[in-house]
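Each chain is listed here by its residues.
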Amino acid sequence: MDTVEKKIFGLVAAFKTTPAVYHAAEKVRDAGFKKWDVFTPFPVHGLDHAMGVKRSTLPRMTLCGGLLGFMTGCLMTWYMNAYDYPLIVGGKPFWSPIFPFPVHYELTILFAAFGTFFGMFIYNGLPRHHHPIFDHPRFASAMDDTFLVLIEAEDPHFDAEKTHSFLSGLGGQDITLIEQ
Amino acid sequence: MSPSTDQQTKGPSVAFFALLIGFLGLGFAGYQGYQGFLLNDSRPVMSWLLGFSVWFSIGVGMLFIIMIWHVFGASWPIIIRRQLEHALAAFPYLALVFLPLFLIACFSNKPGLIWHWLDPEYILPGGQMVSEDVLYHSKEAFLNKGFFFYRVIGYFVVWCGMSAILRHCSFVQEKDPVLAWTHRAHNFSAAGLPLCAVVTTFAVFDFYMSLSYHWFSTMYGVWFFATSMRAGLAATVVICYFLSTRGHLKGLYNKAHRYDLGSLCFAFTVFWAYISFCQYFLIYNANIPEETFWYNIRELNANWEQNTWWLVGLWGLVAGYFLVPFFYLLFYKNKVTPHRFLFIAFWILAFHIIDLYYNILPSQTVADNVVGYVVNEFSITLADIAAIVGVGGVCVWAFLKSLPKAAPIPIRDPRINLSIHHHE
Numbered sequence: 001m002d003t004v005e006k007k008i009f010g011l012v013a014a015f016k017t018t019p020a021v022y023h024a025a026e027k028v029r030d031a032g033f034k035k036w037d038v039f040t041p042f043p044v045h046g047l048d049h050a051m052g053v054k055r056s057t058l059p060r061m062t063l064c065g066g067l068l069g070f071m072t073g074c075l076m077t078w079y080m081n082a083y084d085y086p087l088i089v090g091g092k093p094f095w096s097p098i099f100p101f102p103v104h105y106e107l108t109i110l111f112a113a114f115g116t117f118f119g120m121f122i123y124n125g126l127p128r129h130h131h132p133i134f135d136h137p138r139f140a141s142a143m144d145d146t147f148l149v150l151i152e153a154e155d156p157h158f159d160a161e162k163t164h165s166f167l168s169g170l171g172g173q174d175i176t177l178i179e180q
Numbered sequence: 001m002s003p004s005t006d007q008q009t010k011g012p013s014v015a016f017f018a019l020l021i022g023f024l025g026l027g028f029a030g031y032q033g034y035q036g037f038l039l040n041d042s043r044p045v046m047s048w049l050l051g052f053s054v055w056f057s058i059g060v061g062m063l064f065i066i067m068i069w070h071v072f073g074a075s076w077p078i079i080i081r082r083q084l085e086h087a088l089a090a091f092p093y094l095a096l097v098f099l100p101l102f103l104i105a106c107f108s109n110k111p112g113l114i115w116h117w118l119d120p121e122y123i124l125p126g127g128q129m130v131s132e133d134v135l136y137h138s139k140e141a142f143l144n145k146g147f148f149f150y151r152v153i154g155y156f157v158v159w160c161g162m163s164a165i166l167r168h169c170s171f172v173q174e175k176d177p178v179l180a181w182t183h184r185a186h187n188f189s190a191a192g193l194p195l196c197a198v199v200t201t202f203a204v205f206d207f208y209m210s211l212s213y214h215w216f217s218t219m220y221g222v223w224f225f226a227t228s229m230r231a232g233l234a235a236t237v238v239i240c241y242f243l244s245t246r247g248h249l250k251g252l253y254n255k256a257h258r259y260d261l262g263s264l265c266f267a268f269t270v271f272w273a274y275i276s277f278c279q280y281f282l283i284y285n286a287n288i289p290e291e292t293f294w295y296n297i298r299e300l301n302a303n304w305e306q307n308t309w310w311l312v313g314l315w316g317l318v319a320g321y322f323l324v325p326f327f328y329l330l331f332y333k334n335k336v337t338p339h340r341f342l343f344i345a346f347w348i349l350a351f352h353i354i355d356l357y358y359n360i361l362p363s364q365t366v367a368d369n370v371v372g373y374v375v376n377e378f379s380i381t382l383a384d385i386a387a388i389v390g391v392g393g394v395c396v397w398a399f400l401k402s403l404p405k406a407a408p409i410p411i412r413d414p415r416i417n418l419s420i421h422h423h424e
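Chain order of the listed sequences is L and A. For reference, each letter of the first sequence is one residue, going 1 to 180 in the working numbering. For reference, each letter of the second sequence is one residue, going 1 to 424 in the working numbering.
Think of the hints as simulated: they come from the structure by calculation, not from any bench. There could be a bad hint or two in this list.
[Claimed, not checked] Computed list of lysine to any residue pairs in SDA-like fashion (alpha-carbon distance at most 20 Å, straight line): (1) A:LYS139 <-> A:CYS106; (2) L:LYS54 <-> A:ASN334; (3) L:LYS92 <-> A:ASN287; (4) L:LYS54 <-> L:PRO43; (5) L:LYS92 <-> A:GLU291; (6) A:LYS333 <-> A:SER244; (7) A:LYS255 <-> L:VAL53; (8) L:LYS92 <-> A:TRP304; (9) L:LYS54 <-> A:VAL336; (10) L:LYS92 <-> A:TYR280; (11) L:LYS54 <-> A:ALA256; (12) L:LYS54 <-> A:ASN287; (13) L:LYS92 <-> A:LYS333; (14) L:LYS27 <-> L:GLY46; (15) L:LYS34 <-> L:ASP159; (16) L:LYS34 <-> L:PHE114; (17) L:LYS92 <-> A:ASN285.
Note that the coordinates shown come from a computational prediction; the quantities given were computed from them, not determined experimentally.
Input sequences plus hints: build the corresponding full structure.
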């Protein structure tokens, strides 16, 4: 205890088959855990539902970006054509919502894409160069033939011993404590 | 006992009522139209054209949807496609509904009642006759009665023929379960898409654009395609809702199907807005009188005050037909929750009819004022409602009559399992 104190990050259990990890995920979800994750070598259909993951709220960032872009377009065309340098072009009003609409439209698309892209970065906590699970000795095999379930210590239901026996009760093998 | 026997006892009576409503509606609209014909009043005759157009656009939309699904080899909509194939049974009856207009245009003594250019003695705003009109003469190679006669017959041959071919490929596959029918449907669709695109474009030039034959727009065919796709998809949503709550799609039509249909509805909402706005935008920006008059009569009276069509365009089309469905369909829950999705489908259909009003009905009547005409204001008449409901009754009857001709879903389609187990 007199050396550098290491914090517990979480517990990792390994599973060998897709159904095993799928049903384990359902039980972890039903046990009320919130801060946990599953690592699989390939996408597993329905795993979101088994984990109790709700639909992403990322579209809201897209909507905000789109609305912001539309307003930016309106403001920009109004400022340029009607305020800063009023100029009659083709007998049209200085500013109307119609003639500069392509500008509004394009900026809506652009900002919606920005909202989605940067929203995804924020939601995923990117950029991120390291994650404690990389220290797990079997993490490489989770990219190949192993399924890992990680329950983080930050979860209010987490208890090193109880969660350990809970994971082994689910059929998890090679249960390892990860430190950070 | 079982749902299928239940349907057999219930089906014919519903179909009978649909046909009865169809006859009553068409009877009333037909009587009004005949009176209009005798009194030289085109408005009741336009009601008939409107009633035809509402259901014809839904049919054309469905025809395109089916062909697009075939060409893309789409697996998810297979169980939905069969319902649309039943709906295509209405095309020959739509041809019959169009027949009175065709007869008035080609064989009556008042050929200019609907399409003014068909009558050389029709008086245009400004006091000129059609036969004295320079613009008519430069378009005469296309806009003449003989060519019109054969064109209209050709259009309906193509639509009815494509419908029959697609229905045949799909229905026969059940008794003759070979892959060849899937390939045939795919190949016919690949040929049918450009064919129907050209035919439908020229048909709407004839049916709707030539109502103001001085005007021209290259976007017009695409506009009709876009609005037809929206109407066809919305009608598909309505059909699938009722078939899945009380018909043979119960337990088959799931959340993922609704989500994908909803995404298509959303895509074509944007596409329709893009096309319609482009047409307006280009004409507005170019500001050439020979094009702008079409929008002018949809905005202004002779005294330079805004008329009712302006309100229809602004609140009906911009707000009702675009903004509301656009924001509504952005939300996932509104696409997958059955009754919410049904609501917006009905909404789109209602404003689709408003879109057809906006494109078909505004017309100029010769008058003694500074511009030489008055614009006929927006109105919804009893004959309009009777015609829309009447043609609808006939189409619903054709749909219900077609139902027993094939299994509820294409059970022998090679991709049917992918469609039944479709998930997000």
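Checked hints:
1. Of the pairs offered as hints, the one joining LYS139 of chain A and CYS106 of chain A holds, with about 18 Å between alpha carbons and a cut-off of 20 Å not exceeded.
2. Pair hint LYS54 of chain L plus ASN334 of chain A holds up; C-alpha atoms about 16 Å apart against a cutoff of 20 Å.
3. The suggested pairing of LYS92 of chain L with ASN287 of chain A holds, with an alpha-carbon distance near 10 Å, which does not exceed 20 Å.
4. Of the supplied pair hints, the one linking LYS54 of chain L and PRO43 of chain L holds, its CA atoms being roughly 17 Å apart against a limit of 20 Å.
5. Only pairs whose Cα atoms come within 20 Å are accepted, and LYS92 of chain L paired with GLU291 of chain A is accepted, the gap being roughly 17 Å.
6. A hinted pair counts as satisfied when its Cα atoms are at most 20 Å apart, and LYS333 of chain A with SER244 of chain A qualifies at roughly 18 Å.
7. Taken as a hint, the LYS255 of chain A and VAL53 of chain L pair is honoured in the structure, with Cα atoms around 17 Å apart against an allowance of 20 Å.
8. The suggested pairing of LYS92 of chain L with TRP304 of chain A holds, with an alpha-carbon distance near 18 Å, which does not exceed 20 Å.
9. Taking the CA atoms of LYS54 of chain L and VAL336 of chain A, the gap is near 15 Å; set against the 20 Å cutoff, the hint holds.
10. A distance of roughly 14 Å separates the Cα atoms of LYS92 of chain L and TYR280 of chain A; the hinted pair therefore holds under the 20 Å criterion.
11. Proposed proximity of LYS54 of chain L and ALA256 of chain A is supported: the alpha carbons are some 16 Å apart, at most 20 Å.
12. A distance of roughly 51 Å separates the Cα atoms of LYS54 of chain L and ASN287 of chain A; the hinted pair therefore is violated under the 20 Å criterion.
13. About 42 Å separates the Cα atoms of LYS92 of chain L and LYS333 of chain A, which puts this hinted pair outside 20 Å; it is violated.
14. Under the criterion of a C-alpha separation no larger than 20 Å, the hint pairing LYS27 of chain L with GLY46 of chain L is consistent with the structure, at around 14 Å.
15. Taken as a hint, the LYS34 of chain L and ASP159 of chain L pair is honoured in the structure, with Cα atoms around 14 Å apart against an allowance of 20 Å.
16. Among the hinted pairs, LYS34 of chain L with PHE114 of chain L is inconsistent with the structure: their alpha-carbon atoms are about 29 Å apart, more than 20 Å.
17. With a C-alpha separation of about 8 Å, the suggested pair LYS92 of chain L and ASN285 of chain A falls inside the 20 Å cut-off, and the hint holds.
In this structure, the earlier hints numbered 12, 13, 16 are contradicted, and the remaining ones agree with it.
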